[in-house]
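Q: Using the sequences and the hints, build the whole thing.
Chain residues, written in single-letter form:
There are 2 protein chains.
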Amino acid sequence: MEPGDAARLGPGRAARALPPRLLLLPLLPLLLGRGLRAAASASTGAAADDSSAMEELATEKEAEESHRQDSVSLLTFILLLTLTILTIWLFKHRRVRFLHETGLAMIYGLIVGVILRYGTPATSGHDKSLSCTQEDRAFSTLLVNVSGKFFEYTLKGEISPGKINSVEQNDMLRKVTFDPEVFFNILLPPIIFHAGYSLKKRHFFRNLGSILAYAFLGTAVSCFIIGNLMYGVVKLMKIVGQLSDKFYYTDCLFFGAIISATDPVTVLAIFNELHADVDLYALLFGESVLNDAVAIVLSSSIVAYQPAGLNTHAFDAAAFFKSVGIFLGIFSGSFTMGAVTGVPSSLTGAHVTKFTKLHCFPLLETALFFLMSWSTFLLAEACGFTGVVAVLFCGITQAHYTYNNLSVESRSRTKQLFEVLHFLAENFIFSYMGLALFTFQKHVFSPVFIIGAFVAIFLGRAAHIYPLSFFLNLGRRHKIGWNFQHMMMFSGLRGAMAFALAIRDTASYARQMMFTTTLLIVFFTVWVIGGGTTPMLSWLNIRVGVEEPSEEDQNEHRWQYFRVGVDPDQDPPPNNDSFQVLQGDGPDSARGNRTKQESAWLFRLWYSFDHNYLKPILTHSGPPLTTTLPAWCGLLARCLTSPQVYDNQEPLREEDSDFILTEGDLTLTYGGDSTVTANGSSGSHTASTSLEGSRRTKSSSEEVLDRALGMGDQPVSSRGTRLVFPLEDNA
Amino acid sequence: MEPGDAARLGPGRAARALPPRLLLLPLLPLLLGRGLRAAASASTGAAADDSSAMEELATEKEAEESHRQDSVSLLTFILLLTLTILTIWLFKHRRVRFLHETGLAMIYGLIVGVILRYGTPATSGHDKSLSCTQEDRAFSTLLVNVSGKFFEYTLKGEISPGKINSVEQNDMLRKVTFDPEVFFNILLPPIIFHAGYSLKKRHFFRNLGSILAYAFLGTAVSCFIIGNLMYGVVKLMKIVGQLSDKFYYTDCLFFGAIISATDPVTVLAIFNELHADVDLYALLFGESVLNDAVAIVLSSSIVAYQPAGLNTHAFDAAAFFKSVGIFLGIFSGSFTMGAVTGVPSSLTGAHVTKFTKLHCFPLLETALFFLMSWSTFLLAEACGFTGVVAVLFCGITQAHYTYNNLSVESRSRTKQLFEVLHFLAENFIFSYMGLALFTFQKHVFSPVFIIGAFVAIFLGRAAHIYPLSFFLNLGRRHKIGWNFQHMMMFSGLRGAMAFALAIRDTASYARQMMFTTTLLIVFFTVWVIGGGTTPMLSWLNIRVGVEEPSEEDQNEHRWQYFRVGVDPDQDPPPNNDSFQVLQGDGPDSARGNRTKQESAWLFRLWYSFDHNYLKPILTHSGPPLTTTLPAWCGLLARCLTSPQVYDNQEPLREEDSDFILTEGDLTLTYGGDSTVTANGSSGSHTASTSLEGSRRTKSSSEEVLDRALGMGDQPVSSRGTRLVFPLEDNA
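Here the protein sequences line up with chains A and B, keeping their order.
Positions 1 to 731 (UniProt numbering) are the ones given, in order, by the first sequence.
Positions 1 to 731 (UniProt numbering) are the ones given, in order, by the second sequence.
Among the hints, a few may not be true.
List of simulated lysine-lysine pairs, DSS-like, C-alpha gap at most 25 Å [what the hints assert, rightly or not]:
| id | chain 1 | residue 1 | chain 2 | residue 2 |
| --- | --- | --- | --- | --- |
| 1 | B | K322 | A | K61 |
| 2 | A | K442 | A | K235 |
| 3 | B | K61 | A | K322 |
| 4 | A | K442 | A | K238 |
Partner residues are not named here, just some residues of chain A that face chain B (Cβ under 10 Å, in silico) [stated by the list, open to error]:
| id | residue |
| --- | --- |
| 5 | E64 |
| 6 | H67 |
| 7 | Q69 |
| 8 | L74 |
| 9 | L86 |
| 10 | K92 |
| 11 | F361 |
| 12 | L368 |
| 13 | F370 |
| 14 | A382 |
| 15 | C383 |
| 16 | G384 |
| 17 | L424 |
Don't read these hints as lab results, they were simulated from the structure.
Predicted model only: the values in this text are computed from it and were never measured.
No residue lacks a Cβ here, since even glycine has one placed at the ideal position from N, Cα and C.
A: Here it is, written out as structure tokens:
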């Protein structure tokens with residue numbers, strides 16, 4: 001066994017060695033520059049004679065140069081993003097749909113990458129290096145004695161001996177290379193949180209069962225199929241002699257895991273724009289959000305698969321079950337962490353805003369919300385779980401409970417804040433991807449592996465979608481049609497998560513090959529599939545446009561968000577024309593039945609628990625606890641129930657709309673979210689009226705939607721913009 | 001001369017040695033933790049035998065432990081901020097005014113600091129350290145050869161030999177210690193930008209001359225007086241034997257510079273809340289914003305004062321003039337950078353939004369605005385200027401031009417975004433200050449120096465305010481009264497900027513003593529002066545409350561912002577009752593005269609240039625360039641002028657209100673900003689109506705304000721919420 005193997009087999013975070021002087025800060029590499037400058041100056045403080053004064057000046061200049069380069073490299077990214085934004089605007093303006101903003105960001109990234117790679121002189125590094133032989137192992141901190149002064153050094157990573165010189169060659173290329181952990185700790189959390197936070201949608205909950213099946217079973221199936229196919233490809237490469245280094249089965253499985261994280265951002269943006277079928281949208285969006293979480297945990301448990309003994313690459317049942325245990329442990333831990341920290345957040349949100357007037361201070365509310373969401377990430381990381389996964393479920397919980405406790409002002413503020421963060425982070429990642437194709441210095445292009453990977457992800461996606469849809473259709477009243485299945489098959493894009501997982505560890509030959517392949521897969525899928533979505537939709541006869549009674553239709557005056565493609569889950573706007581009593585079974589009664597069908601007993605149980613106990617405690621809505629809790633809990637119930645609940649008791653105020661329809665034992669509400677949409681729309685109204693006036697079809701969409709909800713001949717009381725359907729509740 | 005001296009005399013960023021393992025990341029120390037973990041794992045990949053597997057496990061655990069501690073330390077800060085926010089809310093709710101949120105953040109910081117200091121066990125550091133002797137100097141990068149593998153190390157800083165062991169003692173204390181550059185590169189920019197962005201206020205421009213005098217002359221005077229007084233104190237300490245190390249005259253001047261940066265955040269919050277005199281508010285706010293910029297540049301040019309030759313502490317004319325040159329160079333460079341990068345930003349803002357419809361995409365606009373403002377900071381840093389100063393002037397330019405090009409939605413979004421960033425950053429700095437009193441490990445408490453410093457800042461402030469006010473009053477029609485002068489004297493609080501400058505360099509004994517003293521001065525001034533503001537106001541008979549016709553009065557329904565104290569410069573709200581023709585010279589004609597008096601020829605010249613050329617190019621307002629430019633520029637003029645300008649030509653639309661009144665040769669406008677205030681107020685309206693209904697005095701305030709503007713018997717045309725006073729313009 002070679003000395004390098006341990007790194008390859010070692011635990012997941014192992015062996016990231018290059019690029020050597022990573023920029024630790026994504027946002028402010030300056031910091032590092034400054035730190036170095038200060039340190040360098042400090043280092044030269046040791047001697048005060050003339051030669052050291054000269055040296056000090058040299059070091060100072062060197063450090064300033066480094067700081068300047070940091071600023072310039074960050075400026076490069078900012079200008080890239082600026083350019084992207086300006087071009088996106090042009091595209092939106094001209095209604096160009098074949099290229100999404102993320103695809104555009106990648107193209108600009110590519111161009112800048114080419115310029116940096118071939119346009120800048122290959123200067124030798126400014127850092128003086130010094131060899132110093134040590135005996136047994138590398139420590140994370142080093143104390144160095146220089147003429148009686150002690151200096152502290154921190155370990156950056158390993159450098160393979162052959163690259164010691166080449167590594168130093170191009171400063172600019174190194175400056176634009178970020179520490180991969182930046183993606184996990186800074187860029188992904190806002191993206192994932194925003195996805196979770198915007199998941200509050202009745203179509204999502206209506207299709208929850210199918211979404212969970214696609215996300216969990218589907219991702220696992222896809223991972224194993226791709227892994228096995230790739231193992232075949234690797235074997236083939238060995239025979240053909242195309243493989244120059246080791247590539248194990250676990251590596252293949254790891255590749256299967258990272259490449260199973262779909263990110264149909266392009267497709268979803270077009271769906272929004274074209275108002276495509278909402279159920280299909282919910283299926284795709286829900287799957288992509290959840291399978292990111294599955295893929296990240298799956299990949300880390302594959303890495304944790306370490307058979308004992310010398311036979312390190314044979315199957316080992318103990319290690320396998322340990323991996324499964326790790327998967328379950330991390331996933332459920334992160335899930336619980338996210339869901340549970342959402343609760344104190346909404347408890348503070350509820351009990352501070354419920355009994356008090358925090359909502360008079362939207363700034364405080366927004367800041368509190370931001371801090372609480374962030375602390376979830378940190379708490380999960382502190383407990384050894386996966387912060388990104390915790391943040392996802394925190395986002396969902398926050399949307400479900402906390403959101404309803406926020407003031408109207410704060411709702412719009414938090415949405416907008418996370419929208420901007422999400423937008424910047426996402427475009428940054430995609431432009432970084434473009435850049436990385438040329439600036440990343442350890443690419444391993446293997447045509448056989450790349451072609452094999454394309455075939456494998458195609459087959460993996462097929463084996464994921466079609467059989468699963470078949471089994472799901474057995475249980476669903478409203479079947480997932482063939483055209484939907486084809487569309488889901490087609491929409492298997494790869495994006496930010498696959499890239500972040502792939503770049504996290506590029507130390508070994510196998511990982512480098514995977515990274516290169518992942519990058520190419522992302523490019524291909526975003527450009528080709530993104531561009532082909534519109535033709536595909538019409539070819540598959542998927543309903544688009546205003547004929548489809550989707551809730552997006554109601555959002556005409558928030559249209560501009562959709563076209564930007566970053567806020568796909570807006571809540572419905574205030575319907576000033578919603579003072580109407582809905583009646584009659586619509587033509588869409590099949591959908592209503594399906595809905596009833598899908599809300600199986602498990603969900604009904606959960607919904608009833610949520611409605612009777614959680615909602616009254618965590619929000620202002622629901623029945624007072626005094627009516628739902630047993631009599632002996634009276635005092636407790638009185639403490640926990642907001643006084644507003646009593647005020648709202650009749651008719652019941654239901655503040656959120658992600659309900660599950662039941663056979664009549666629960667209060668059904670629709671449009672509870674309508675208050676939400678005061679959002680920022682009041683401001684944008686004027687602007688969009690002129691632009692979008694022609695596209696509005698305010699008329700009947702809502703009516704049709706309500707019919708779609710399958711609420712037939714039930715008594716309806718309408719209060720303001722809120723339609724409440726009080727059934728025989730409060731048992 | 002001792003070996004350590006060079007560090008003390010060296011250039012400004014020199015010689016910051018401890019704390020040794022600084023957290024480079026303020027937001028995500030995780031990153032470092034992860035980086036270390038990866039690096040540590042990489043390091044152990046070298047050997048694959050059994051003992052190294054054990055070692056690997058140990059290193060892995062160690063790295064995970066470190067990562068966990070990073071998360072916990074960041075969680076500590078987040079919980080601190082959360083606690084602060086909740087308590088602030090309580091204070092706002094109970095209308096407690098004696099303690100401001102920043103004072104509160106400091107108290108909580110203190111408490112947590114005490115717990116961390118005395119409550120956590122003094123564990124020895126987990127990092128293995130190794131000595132390795134080098135010959136001549138310390139390099140910023142080190143290559144270490146471990147059993148044939150090369151590892152890269154980065155210099156962290158110097159450690160004084162005596163502290164090698166003590167340094168490692170308390171992990172938790174080290175974890176909560178940030179790299180001082182974090183303050184300059186991450187926390188200060190949003191605070192300073194927000195200050196600049198909210199400076200768009202007519203009262204500021206009306207008092208511009210006085211504000212500039214206070215900020216430039218005043219800060220310089222204060223710096224030299226404090227510096228000289230402190231030099232006396234230091235001499236005294238030497239005689240008494242209280243001084244154990246070197247303390248030079250330049251150190252004293254440096255202290256004078258850093259302590260001259262006032263930050264009356266507490267006083268201004270109370271002014272807002274009590275609706276104190278607007279001119280006094282403008283003087284205080286304007287002075288504090290600009291003197292931050294002066295102090296930062298002043299301190300770095302004092303540090304750059306390095307006399308040639310051996311006599312390093314005598315006066316050297318060449319070095320002195322070099323310092324002055326550096327001051328002027330950096331300041332004007334940063335100013336130009338900020339002002340000029342504001343221009344492409346507003347040009348994009350103007351010419352993209354002017355000729356196009358970017359304002360239909362508020363998200364894109366907001367992101368663009370954010371990126372452009374940030375790129376100013378980076379550009380200034382890349383060019384060797386001061387990013388913080390550039391950001392300040394960028395903020396002012398953005399508020400003056402770009403803001404007017406933004407859509408209503410984006411105006412509120414950008415304001416809210418920077419409001420949240422500012423709020424979080426400010427409270428973070430103040431709670432860090434509280435923490436630092438106990439966790440910072442190199443405090444030098446010198447009672448004589450501290451008492452001397454308190455006396456010196458008192459005298460320095462007095463020598464700054466009273467003589468300058470005397471001279472200013474010679475030129476001002478509307479004198480700055482004695483009570484105003486006393487109030488300004490009283491409001492000389494020290495805050496975030498003084499702290500950031502002091503903590504930037506704590507390597508030498510003198511600097512450590514300065515840091516400790518600065519910390520105590522900040523504590524004292526924020527708590528005592530902050531608490532004493534309300535009594536002081538009434539004692540000095542300064543007009544407060546609704547009797548004073550301030551523009552804040554009009555903002556009743558945005559009241560909640562003011563009470564949070566972070567958005568002191570709101571624009572006036574949409575006055576639906578503003579369809580009134582103003583007439584007659586108000587009782588306040590003295591103020592009108594003063595206004596005319598102050599708008600001297602220089603400002604008139606600037607205003608006319610701004611109005612005739614800059615505004616039409618950069619915004620949608622002003623006269624078309626075709627009318628103002630000479631005939632031979634016709635084509636250029638036509639290109640640069642927005643078509644909307646022609647539409648708006650009659651009556652002239654003036655989009656911003658920070659105008660300077662002139663003798664009648666220019667169009668005067670009032671209330672141009674009124675559209676602005678659609679801000680977020682539509683959302684908060686409902687909430688505040690109930691709470692603040694009792695405090696509203698919508699009635700006459702506006703009328704009085706207009707009278708205050710001294711616009712007498714001029715014809716008035718009112719268009720919607722905008723009042724335009726077209727005079728004989730378009731000469």
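Q: Now tell me, hint by hint, if it's right for this structure.
A: Status of the hints after comparison with the structure:
Between the alpha carbons of B/K322 and A/K61 the distance comes to roughly 18 Å, so the proposed pair stays at or under 25 Å and holds. With a C-alpha separation of about 23 Å, the suggested pair A/K442 and A/K235 falls inside the 25 Å cut-off, and the hint holds. Note on B/K61 and A/K322: the hinted pairing holds, with a Cα-Cα distance of about 18 Å set against a maximum of 25 Å. Between A/K442 and A/K238 the CA atoms are separated by roughly 21 Å; this keeps the pair inside 25 Å, and the hint holds.
Hint on A/E64 holds. Least Cβ distance to chain B is approximately 7 Å, under the 10 Å limit. Because the closest C-beta pair between A/H67 and chain B is about 7 Å apart, less than 10 Å, the hint holds. Hint on A/Q69 holds. Least Cβ distance to chain B is approximately 8 Å, under the 10 Å limit. A cut of 10 Å between beta carbons decides the hint on A/L74: the least distance to chain B is about 5 Å, and the hint holds.
Nearest Cβ of chain B to the Cβ of A/L86: about 7 Å, under the 10 Å cut. The hint holds. Using the Cβ-Cβ criterion of 10 Å, the hint placing A/K92 at the interface with chain B is satisfied: the shortest such distance is roughly 6 Å. Look at A/F361: its Cβ gets to within about 5 Å of chain B, closer than 10 Å, so that hint holds up. About 5 Å separates the beta-carbon of A/L368 from the nearest beta-carbon of chain B, less than 10 Å, and the hint is met.
Proximity of A/F370 to chain B holds as hinted, the smallest CB-CB distance being about 7 Å (cut-off 10 Å). Proximity of A/A382 to chain B holds as hinted, the smallest CB-CB distance being about 4 Å (cut-off 10 Å). For A/C383, the interface hint holds, since its Cβ comes within 10 Å of a Cβ in chain B; the closest pair sits about 8 Å apart. Here the hint on A/G384 is kept, as its CB sits about 7 Å from the closest CB of chain B, short of 10 Å.
Against a cut-off of 10 Å between C-beta atoms, the interface hint on A/L424 holds, since the closest Cβ of chain B lies about 6 Å away.
Hint violations for this structure: none, all hints satisfied.
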